[in-house]
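J.: Order-wise, the sequence lines are chains Z and X.
Just so you know, my numbering puts the end of the first sequence at 341, numbered straight through with nothing missing.
Just so you know, my numbering puts the end of the second sequence at 110, numbered straight through with nothing missing.
Please keep in mind that the hints were generated in silico from the structure rather than gathered at the bench.
As the structure is a prediction and not an experimental result, all values here were calculated from the model.
Careful: at least some of the hints might be erroneous.
[Unchecked claim] With a straight-line Cα cutoff of 27 Å, these simulated BS3-like cross-link-like pairs (lysine-lysine) come out:
hint, chain 1, residue 1, chain 2, residue 2
1, Z, K239, Z, K279
2, X, K88, X, K25
3, Z, K310, Z, K239
4, X, K88, Z, K239
5, X, K25, Z, K241
6, Z, K279, Z, K310
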Amino acid sequence: MQQPPNSSRRQFLGLAGGAAALGAIPVITVRPAEATPAMLASAIQNVTAGAVVHTGKVKLDIPPLVENGNTVPMMVTVAHPMAPEDHVRSIHVFNEKNPQPNIANFYLGPHSGRAQVSTRIRLADSQKIVAIAKLSDGSFWSASVDVVVTLAACTEEVI
Amino acid sequence: MASALINVPAKAKRGDIIEIKTLMSHIMETGYRHTTTGEAVPRNIITSFTCRFNGNEIFRADLFPAIAANPFITFFTTAAESGKFEFEWTGDKGFSETASASITVE
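One chain only, chain X, in its complex shape:
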């Protein structure tokens, strides 16, 4: 149902600063909208995004309703060694999704 798009360079030189782009499909319902009959639409957002490299946390974000639907987050990291990036999104209504990407550092 939910799906993630991850953009990580497949190869990098040791010490390079690389950009990581992530997109997770999610409605990010704010909880401030109403239906035409006046009922409030309950909040349903992703509240936390974490990126780990070889098990160590390298980036984390707290998200709020002010983040647009399908949260798109980009950040940077230093390529120190070959390994695996693991991404995790968690949110309301038990939402939890993971994705991963590998990099080869020369």
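The following block holds chain Z by itself, in its conformation from the complex:
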């Protein structure tokens, strides 16, 4: 075995490995960011501050099968009276796999009369949507829906 060819082979392999590692980093950053279930949990934690979230009262209307994730109609209704002493204070909507876990926060009051809001949202992937309502007594109620999206929003290229 001669020393020079061996070392040059090592150098070559080392360089090749380094180039591969360098190449891998841009590939990761180019990939669209994605909220994880952990980000969803922390976004919910920001709203509830660790309080128990009960299931019920909230109804989340959203099509279970979505063809175009760019515009998805969504309606949240909370089955709760809107009296001055006991009402729905806010409604928070979250998602699992968009680049950000938040969708919207709505702030209501006893004058709202009915705790119902609707809007149109974007969905980047098939995922779970969570709606949480905060009542004036400080309790939290939630509902979640699984949605299948065939054409994703957010990540397509701009022409």
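Using the hints provided, position chain X relative to the given structure of chain Z.
T.: Using the frame of chain Z, we list chain X on its own:
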């Protein structure tokens, strides 16, 4: 440039619960898209929507990039007295638009 569509009933009976529908034309650019050359398109969204009735805030929403383009928001309120609804949208790049609608309560 930007324009709003507001749907508020012109008349209501005292105590009626009325629905208010609003639509503001806006691109709602998420900030997560790239051009074909790989440059990120900067975020440009409406971040806040507020509705006031006779000067008092009755509804407010925080919006995120997950809201579709041309944000459409509907909500309810109780018709207590005649007056004026004022709507305000604010967002990135100094975006600020207002609109108003009047209601007669009998």
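J.: Work down the list of hints and note, for each, if the structure agrees.
T.: Do the hints match the structure? See the list:
Under the criterion of a C-alpha separation no larger than 27 Å, the hint pairing K239(Z) with K279(Z) is consistent with the structure, at around 25 Å. For the given pair, K88(X) sits about 15 Å from K25(X) by alpha-carbon distance, which is consistent with the 27 Å threshold. About 18 Å separates the Cα atoms of K310(Z) and K239(Z), which keeps this hinted pair within 27 Å; it holds. In summary, the hint linking K88(X) to K239(Z) is not supported, as the alpha carbons are separated by about 32 Å, beyond the 27 Å threshold.
Taking the CA atoms of K25(X) and K241(Z), the gap is about 20 Å. The hint holds against a cut of 27 Å. This hinted pair checks out: K279(Z) and K310(Z) have alpha carbons roughly 8 Å apart, not beyond 27 Å.
Checked against the numbered hints above, the structure breaks only hint 4 and satisfies the rest.
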